[in-house]
Amino acid sequence: MTTLTADLTARPVARTHAPLGRLLRSELRLVLRRPRTLIALGLLVLVPVVTGIGIALAANGTLQGPPGADGPGAIAAILNENGLVLPIFVLFVSLQMLLPMMGAMWAADALAGEAASGSLRNLLVAPVGRVRLLAVKAFGVASAVLTGVALLTVSGVLCGLLLLGGDSMITISGTTLSFWPALGRILLMAALVTVQVLAVAAVALAISSITEHPLIVMAVALGGIIVFTVLNAIPALDWLHPLLITDSWSALVDVMRDPMPTDGLVEGVLRALCYMAIGGSLALARMLTKDG
Amino acid sequence: MTTLPGVDRGVNGVAAEAVTPAPSPVAARTRGLRKVYRGTVAVDNVDLDVPDGAVLGMLGPNGSGKTTTIRMLLGLVTPTAGTVELLGHRLPDGAARALPAVGALVEGPGFHPFLSGRENLLRCAAAEPLLATGDVRRAVGEALERVGLADAAHRRYRGYSLGMKQRMGLAAALLIPRRLVVLDEPTNGLDPAGTREVRTVIAELHAAGTTVLVSSHLLAEVEATCTHVAVLHRGSVVAQGPLGELLDSGNDGLLVSTPDAATAVEALRDKRIPARITPDGLRADLAAVSAPEVVAALVHAGVAVHEVRRQRTGLEDLFARLTEAEANGTELSEVAGHVAMAPVEEVTR
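Listed in order, the protein sequences are those of chains U and G. Heads up, the first sequence stops at 292 in the numbering used here, and the numbers go up one at a time, no gaps. Heads up, the second sequence stops at 349 in the numbering used here, and the numbers go up one at a time, no gaps.
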C-alpha cells in the first residue's frame, strides 16, 4: 500500500494505459493458446496434405477438366506433375468457405466470446480504452488469419513439391514459370487471400461487438457468404455483383494466368478494403457506446 | 432520506487522506443517476456517496439496481442521466485517470476456461496501467497467494470450483494496491471459511486506507464488515450513512435482567425514566437518558441487576422496514426518518 502511495504522489501524472506491446503480446498468447485456434491451424496444415495425396493417387490425370474451364476445375486440371500449383489451388478452394469461416470464428471469440465469459469487463475496468481494446482485438484476429494463411501456403508448397513434384509452374495460359517467379505468384495469391479473409473478419468483428453470442457471429458470417455466393450465381442480378465480396474470390484465378490480368485482382482488393472500412467503423461505433 | 451529514467521516480518515492526491473527500459520488433499459427503469435518481476510506455496504434485494449502479460507477455502462465522479474524476472522460486505481469484481468472475488461473491473472495484469512490466509475475503470484489459490494456479480455470472462481475474481481486483476496491457479491459461492477470508481481506484493505464498496444481500456480512451502508430498493437509494448512525436512528432501549422488576420500574419512574416490565426484567427507554444514568438509578434504589443489554436496531430490521415500506405504499423518507427498533441484542458491559 505504501508503494502505491509513493507512486501516486511522486508522479504527478500516473499511467493511464498499459503498454501497448504488453497488451498485444497478451492477446497473441490468448489467441494462439485457445484450443480451437490450434485445431483450426492444424486443419489448415492438413488441407494441402490431403489434397496432395489425393491428386498424387489419381496420378493418371483423372482430374483433367474440360479445356478452357475456369475456377478450381481449371487449376486442378493442371495440378499433376505441377506441384507449385498446389498452394494456389488450396488457397483458392479454402477461400470459398474454410478460411472465411475461421476468420469469423476468431472474430467471434475476440469480442462476443470475451463478453460471454465476462472477461471483457476485466479489460474494460483495467482500464483498456475502448478504441485500444478494439485495436488489440483486431490485431489478434489479423494475427490468427495471417498465421492460418501462412501455414496453409507453406504446407501447400511443401506438399506440392514432395507429393506432386516439379520445380516450375505451368500456368492455365499454357506458359511455364520458373521456380522463383512461381513462388512470387504463390506469395501474391497468399496476400490476396489474406486481404479477402481479413475483410470477412472485419465485418465479423463488427457483429462480434454487437452481440455477446459467438454463435450469432458465425451464423451471420457464414449465412452471408452462402447468400452472397447464391446471389453471385444469378446472372439477372449482375447489377448487384460489384457489391458482393464473393465476386472478388473467383477472380483470384487470374493469378494463374500469364500474362496476369490485374483488373479483377485490384478490384477485389479495393472491394475488400471497403468491407474492412465498413466493418471497422461499425465495430468502432459500437465499442464506444457499448455497455460492458 | 438519510444523507451523509459530513463526508470526512471515514473511520480511517488519516490513512484515507494520505492516498488522496486531490482534495476529494469522497472516493465515489453519483448525482441523479438514472439508467433505463428499453423502457425499464433499472436505476433512478441515485445520489450515492462513498466516503474516502470507508467500507460501504450496498444492500438491496435482487433487482434493486446494485449491480447497475456499480457498472455505471465503473464506466462500464453509460447512464441515461446523472453524473458519476470516481476518485475525483468525472466519468466518462476521467475514466482513464480514475480506473487504474480501482479494483473491481463485478457480476461474478469472468475468465478464460482454457487458461490456468495464473495465465488468466497474467492476462489481467498485462492490462493494468499501474503495473510495471517487470512486476507482473510477482504481482500475480502475490495475488494468488493472498486468495489462497497458489496451489491451484497451474490448473485450468475450467476445473475450478465456484468458490475458487470467486477467489480468482478477488485476486484480479487485488492485483495492485488500489484506492478503491469494488466487490459485487464477493461471497457468492464461498464456504464459511471463504466468507471469513473475504471479511479478512476487506478488513486488511480498510486498515490500509483503501475505500471498499461491497454489495451484498447478506446482511450479517455487511453488518460485520462495513462502516457505512447504502440501502437500494427498486433502483433508488432509500437510506445511506454510517452504519452506527443508521442503526441508532431507531429508538434505543436498555434491557435489564432483574428479579424485582416492579421495584425497578418504580425507581425509574421516580427519576422520570420511561420503562416497562418485560418477561425477564424491564426495558428502559433511552430516548432522553443515557445507559449509565439508568444503571445508577437502579443501583441506588437497591435493585439487583443481573445483566444489562443494549437493545439496538438490527440491520435486518432496518433493511426490512426500508425495502418493504414501498410495497405498502408508505413514504420512504418517512420510514427512513424513524427507522425501526427491533431486538437484535448487543451486550454492553
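Because the hints were derived from the structure by calculation, they are not lab data. Take the hints with a grain of salt, since some may be wrong.
Straight-line C-alpha distance at most 20 Å; calculated EDC-like pairs for lysine to aspartate or glutamate [stated by the list, open to error]:
| no. | chain 1 | residue 1 | chain 2 | residue 2 |
| --- | --- | --- | --- | --- |
| 1 | U | 290 | U | 238 |
| 2 | U | 290 | G | 285 |
| 3 | G | 271 | G | 245 |
| 4 | G | 271 | G | 260 |
| 5 | G | 271 | G | 285 |
| 6 | U | 290 | G | 93 |
Far from chain U by the CB rule (all over 10 Å, computed), these chain G residues [unchecked claim]:
| no. | residue |
| --- | --- |
| 7 | 112 |
| 8 | 159 |
| 9 | 199 |
| 10 | 310 |
Built from N, CA and C at the ideal position, the CB exists for glycine as well.
Hint check:
{"no.": "1", "hint": "U:290 <-> U:238", "verdict": "violated (38 Å)"}
{"no.": "2", "hint": "U:290 <-> G:285", "verdict": "violated (55 Å)"}
{"no.": "3", "hint": "G:271 <-> G:245", "verdict": "violated (28 Å)"}
{"no.": "4", "hint": "G:271 <-> G:260", "verdict": "holds (17 Å)"}
{"no.": "5", "hint": "G:271 <-> G:285", "verdict": "holds (12 Å)"}
{"no.": "6", "hint": "U:290 <-> G:93", "verdict": "holds (15 Å)"}
{"no.": "7", "hint": "112", "verdict": "violated (6 Å)"}
{"no.": "8", "hint": "159", "verdict": "holds (14 Å)"}
{"no.": "9", "hint": "199", "verdict": "holds (19 Å)"}
{"no.": "10", "hint": "310", "verdict": "holds (35 Å)"}
When the structure is compared with the earlier hints, violations turn up for hints 1, 2, 3 and 7 and for no others.
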